[in-house]
Amino acid sequence: MTGATRATSQGPERVEGRAKVTGTAPYAFEYPVTDPLYLHPLRAGIARGRIASIDTAAAERVDGVHTVLTHHNADALNPVGDPELAVLQSDGIDFRGQLVGAVVAETPEIAAHAAGLVDIRYERLPHDSEFRDDANIVYTPDADASPMLSPDLERGDVDTALAEATHTVDVTYTTPPEHHNPIEPHAVIATWDDDGLTLHDSNQGSHLVRDLLAPLVGLDKERISVIAPHVGGAFGSKGMPHGHVALTVLAARRTAGRPVKCALSRTQMFELVGYRPPTRQRVRLGADSDGRLTATEHDSLEQTSRFKQYAEQSASASREMYASPNRRVTNRLAALDVPAPTWMRAPGEASGMYALESAVDELAVRSGIDPIDLRLRNEPEVAPVSGLPFSSRNLVACLRQGAERFGWHERDPRPGTRREGDWFVGTGVAAASFPSLLFPGSLATIRHESDGKYRVEIGAADIGTGARTALTQLAAEGLEVPFEAVELRLGSTEQPNAGLAGGSAGTASWGSTVVDAVRAFRAEHGSDPGEGVETTAGAAGNPDLGKYAMNAYGAQFAEVRVHADTGEVRVPRMLGVFAAGRIVNPRTAHSQFLGGMTMGISMALHEHSVVDERFGHVVNHDLAGYHIASNADVGSIEVSWVDEHDPHVNPVGAKGIGEVGIVGTAAAVGNAAHHATGVRVRELPLTPDKFLR
Amino acid sequence: MKPFDYQRATDADSAIATVSRDPEARYIGGGTNLVDHMKLGITEPGKLVDITRLPYDSVESLPDGRVRIGATVRNSDLAAEPVIRQRYPVLAQALLSGASGQLRNLATTGGNLLQRTRCSYFQDVTTPCNKREPGSGCSALEGWNRHHAVLGASERCVATHPSDMAVALAALDADVLVAGPDGQRTVPVTELHRLPGDEPEQDTVLRHGELVTAVELPSLPFAVRSRYRKVRDRASYAFALVSVAAAVEVTDGDITDARIAFGGLAHKPWRATAAERALHGAPATEEAFRAAADAELAEAETLRDNEFKVPMTRNTLASVLRELTQQEGS
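So the protein sequences, as listed, match chains A and B.
Counting from 1, position 589 in the first sequence corresponds to residue 589 in full-length UniProt numbering; the numbering is continuous, with no gaps.
Counting from 1, position 34 in the second sequence corresponds to residue 34 in full-length UniProt numbering; the numbering is continuous, with no gaps.
Some hints here could point you the wrong way.
[Said to hold, decoys possible] Restricting the straight-line Cα-Cα distance to at most 20 Å, the calculated cross-link-like pairs of lysine to aspartate or glutamate (EDC-like) are:
1. A/Lys20 / A/Glu184
2. B/Lys2 / A/Glu60
3. B/Lys39 / A/Glu109
4. B/Lys2 / A/Asp119
5. B/Lys2 / A/Glu106
6. B/Lys2 / A/Asp63
7. B/Lys47 / A/Glu109
8. B/Lys39 / A/Asp194
9. A/Lys453 / A/Glu487
10. B/Lys39 / B/Asp57
11. B/Lys2 / A/Asp55
12. B/Lys47 / B/Asp36
13. B/Lys2 / A/Glu16
14. A/Lys690 / B/Asp305
15. B/Lys39 / A/Glu16
16. A/Lys453 / A/Glu16
17. B/Lys39 / A/Glu106
18. A/Lys690 / B/Asp50
[Stated by the list, open to error] Just a few of them, taken from the derived set where beta-carbon distance is under 10 Å, the chain A residues facing chain B:
19. Arg43
20. Asp422
21. Pro529
22. Val533
23. Ala537
24. Ala564
25. Gly567
26. Arg570
27. Asp612
28. Arg614
29. Ser636
30. Ser640
These are calculated hints, taken from the structure and not from any lab test.
We treat Cβ as the ideally placed atom computed from N, Cα and C, and that holds for glycine.
Start from the sequences, fold in the hints, and give me the full structure.
Listed below in structure tokens is the structure:
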């Protein structure tokens, strides 16, 4: 540890930055294709039941309509274990907005107009879309549904420890459904001709899309190309292909080689591409008179859909965060007639750490111990449940350095006592953690070109993270050549297999692959390779896997102002200090942390997909109704990190940074809002009405 | 989206004649609301008559002290107009609190007045809505009604009018100048919008073919001290939960005149006449401000998600009046 590094403009600029800001970097929908057709999806108007009849005659009569697809005329798809992809395979309706057909036409306007002329009649069944704790809908997910962790954990005797604790809190927090809303809507162009199937698709992993589609449509993998060099954000919503991809492929099979273009609208994205499930989390903490935790209990209930299970485990945030001899963690699901949830930036950690870190703050208030000090007193020596040593854990440094930089020591702990003009002012802190993952199986090709440059190819994804730039750096470093001497290509199945952009594991997984492939190239071809020589190799396994607990950590600080009359909440200032191993590119890393924290402010103050249980849909399904933080909601955000050398985590020494930035933000904001006002809101988002007096 | 005809009006008389004789024809100004509605399938006009080239694009100070604002003056331009900024700050503030810079550059004065509710159910053709489809029912009444009305609503409709500008105009006692097939008339802005009653599909008292040509502001010297305060769920680009437009005149510590209107509470910009009466002659004190709010809110009826609007309105009015009267005293 040599002190904090303040993020500056260190590190190469984003390789594709100029192309993006000048509008020349092509996104999926923008690929120039010849003579395309446009697809407008048809969506179910009920939440459960079946289609009794579907009359497409009027739509088919519209000039310019090529095809109307329904379950009556769609080709059969092979089951691949993902019900979202089985579009138009039956007359059944599992959620409102489900894909039930498509109009394919010469222009998007004709397709939309004709879609309005399709007459669908339903046979309704009663549906249940109300998220709640009710034995009729709640169950324990199978262990195999969540291969990484079992849903439940019990150590010691929680109940006795709670009964004997000096200080206790027993609090329940709720988080609402949230939708990703990347700036680039989901879009795909499918071309099915004599060469096979080509997809220009907005995704987080082109190889994964191909691996799923090949069996679905019965084509050899070699006959499918998936191309996605630029993706305008994803946050998990593009991690798996959703129904619109299968629908567009079904349509493309009918157009004699003409490309079919489909771009979802914002409203359709509230139905078809997943969301962060709502949670209800009860946290019980017991501590002795010194504030040392004697019991930690975290019970989480989360939503899933009845037709496709998604098992998020928010309570697992409490498995290894703090030392506690007695511990109980339970994760339950409530299955409803709703669209399927999916991963959204820090799935589980974002919701779970909101509850845990808010509860820890409540314990600090209850015990009169400073919230940073309380966390320091509960720092574990080894990972509490597994007993493994940490590969590195610098939460303490994040908290201490953050406290220094933020001016924490001048803080008056009493809530609701500082006022500037019409505004109550407070500060709050929360910890962040996110597992350091590595997905095996990626390959990279290193080739020495005739112009003296090195071309590196890996079928990875850059969804705006800076992956292309960081991987270029790692290749140049390994080859010991200038950054400019490396040309890195990614995003397509034309490049060697690589795992998806998820779990903040890109730099670790693909970076390790590039580092080891470069080594293999040098071993094979030496330091003066001939023109055109190449090597394809994967990452050697990490011998330390399973021997260490590996996580990134952070400390989030927030200043919050709450208007005394109106309850409006503002966040003029935030500071995040992170410990995430080697920071490969400070410039793009800064942007990742900043983006995570901004999304965290948005989670704290705004984001809420409001479900109307009577219909089973999200009512505020556009960007006027679903609020994300505007520029005016985001004040100063300072990002820094501690120097951390981790020899165990992977060959790059880098921990994931894409998600840890959102973790803990909402808790820090909520804790600061309590400090400002004395009002503890336990239900996100923190809207003005909740602070009215 | 249904195909439609489009024509650009070159003079008002022929535009009015064209729209009046065709029940499927509509005027279009900035299009910031109408075009959305066409995309969403809420309305399907057969013909659009574009009025943005008509000579209604200027702001004039009239000899009698009134100010006339042409119907096609863009919201951004109006907010930047020196006479508005100096004499009617409440109006400039209201305009700048609405929508986004891009939308304000396009939206017109007339169009802003005639924009329709943003009720989510009104905007979603797959859910029942009496305003969109009379007799189909009101989905908001027992649905998500955080943004809905607490004053003047009916069993048929609990929608709110979304405009900020119109709330300021209501406080200022503006007049709306209307031209129609039978000539011109003047409608006080407080009487332009209707309460929903049994006909929530009728937003205003305008008849088909009538065209807003201008808005006129009275002289109202004490409006030089006026405020628009908008409380919303995020700091920018959101509709009001509650808004307050107010101008007060204080003499020797007593309020001698007050103009107050609320936004976000009703199917129309809500002129708070009961609050004004309560303030008239009262001392400029916190108690008087809150009593005035209570007088106006006595009839409020809240729904599942909008109970907060009553205390929020009371607090916001008190906050605005405090600011205005302290400013007066200083």
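Now the hints, each set against the structure:
no., hint, in the structure
1, A/Lys20 / A/Glu184, "holds (13 Å)"
2, B/Lys2 / A/Glu60, "holds (15 Å)"
3, B/Lys39 / A/Glu109, "holds (9 Å)"
4, B/Lys2 / A/Asp119, "holds (16 Å)"
5, B/Lys2 / A/Glu106, "holds (15 Å)"
6, B/Lys2 / A/Asp63, "holds (13 Å)"
7, B/Lys47 / A/Glu109, "holds (17 Å)"
8, B/Lys39 / A/Asp194, "violated (37 Å)"
9, A/Lys453 / A/Glu487, "holds (7 Å)"
10, B/Lys39 / B/Asp57, "violated (27 Å)"
11, B/Lys2 / A/Asp55, "holds (19 Å)"
12, B/Lys47 / B/Asp36, "holds (16 Å)"
13, B/Lys2 / A/Glu16, "violated (40 Å)"
14, A/Lys690 / B/Asp305, "holds (12 Å)"
15, B/Lys39 / A/Glu16, "violated (34 Å)"
16, A/Lys453 / A/Glu16, "holds (18 Å)"
17, B/Lys39 / A/Glu106, "holds (18 Å)"
18, A/Lys690 / B/Asp50, "violated (45 Å)"
19, Arg43, "holds (9 Å)"
20, Asp422, "holds (7 Å)"
21, Pro529, "violated (53 Å)"
22, Val533, "violated (53 Å)"
23, Ala537, "violated (49 Å)"
24, Ala564, "holds (8 Å)"
25, Gly567, "holds (7 Å)"
26, Arg570, "holds (7 Å)"
27, Asp612, "holds (5 Å)"
28, Arg614, "holds (7 Å)"
29, Ser636, "violated (14 Å)"
30, Ser640, "violated (26 Å)"
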